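All chains, please: the whole structure from these sequences, using the hints.
Take the sequence shown: its position 176, counting from 1, is numbered 170 in the numbering used here, and each next residue is one higher.
Source of the hints: derived by calculation from the structure; they are not laboratory data.
Remember, it's a predicted structure, so these values are computed and weren't measured experimentally.
Glycine included, C-beta positions come from ideal geometry on N, C-alpha and C.
Hints may contain errors.
[Claimed, not checked] Quick list of simulated restraints, FRET-style, between CB atoms:
#	residue 1	residue 2	range
1	K38	P315	17 to 27 angstroms
2	P149	I181	35 to 45 angstroms
3	L122	W163	53 to 63 angstroms
4	R29	G262	46 to 56 angstroms
5	G83	I119	49 to 59 angstroms
6	V123	F171	38 to 48 angstroms
7	L200	V177	23 to 33 angstroms
8	Y182	L273	29 to 39 angstroms
9	L168	R29	46 to 56 angstroms
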Amino acid sequence: DAQRITKRNLEDVGTFTRQLATLLKAGIPLTEALRAIIEQTQRKRFNMVTRDIRERISQGEPTADALSNHPEYFDDLYVSMVRSGEAAGRLDEVLERLAGFMQGQARVRNKVAAAMAYPIIMLCIGVLVVAALLVLVVPKITTMLEARGELLPLPTRILQNTSDYLVEWWWAFLLIFIFSGLVFNLIYSSQKGRLGIDSKLLKLPLFGDLITKQALSRFAQTFATLLRSGVPVVRCLEVTETVLGNRLLEKTVQDVRAKILEGADIAGPIKASGVFPPLMGYMIAVGEQSGELDTMMLQVGEAYEEEVEISTQKFTSLVEPILIVFLAVLVGFIVLSILWPVLQLSQSF
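Okay, structure coming up:
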């Protein structure tokens, strides 16, 4: 997928963009600037990509067309901005703007990823610890106690039954997990299924709010960056669809674009969508009336970026203690179920 660029490729493109913008600002011709970048690019694959881009440009191909041959590195947003900047003779300015935009997006993405990573890691470790106790420790303890003819307490019997079930039917759980993943992937790969799942995701408590604000920040900043680089409004919306990462929001932007092509302004369809917040619609209306839509959208994007940071902190501060309490109760129950009969046994001597 041309729009799903890997993190490593994004890092390569970010470095490439900053370096190329700096060299062009210094007055170095494009092909010479690319030669300098090639000489210091360490990653072999991206070095080859840069060589191919330079060769195509040397043969007279427009820069945007040369970049578009490598969609695994340069997406529609990047190519559209370069095409616009090249046509206006402001390629260095556009690249500088792109570098700043990519850096800002990476900062937001990393904050959200960090907020998600810690609870997931904690949950995985907790599941592994519980599974190890149930599969390795519990059977040995219960076997030893039963051999002594002890009547096991209710919590221990519950734990024993769970352990036996897990040991005997682990393959069934694995099959269910794999099958569920395949079914989910099949549903999500269809337009209708993805729209339904993405719509539900936006309604989730905490997590949905975080996804929505991140997407709105990305929408506003991408739109502003493209518009400021001279890209037409309709094309801005077309490119912006590809960076939202949520089918419901993508469809909403498609509907807005269709209404603009019919002669509507931007603010009206945005307000009427029911998906974008009313405040965004009003700020876009002000931007359209004042002729400073790019500036207004940039301010909207920055405002939502700050809200993403606040939502991230809120999400982490609420999820972490819930997970800790849940895992503590679960592990505590297992330990109590193991120690209870052992203590009873020691008191009988």
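Hints not upheld, ascending by number
1, 3, 6
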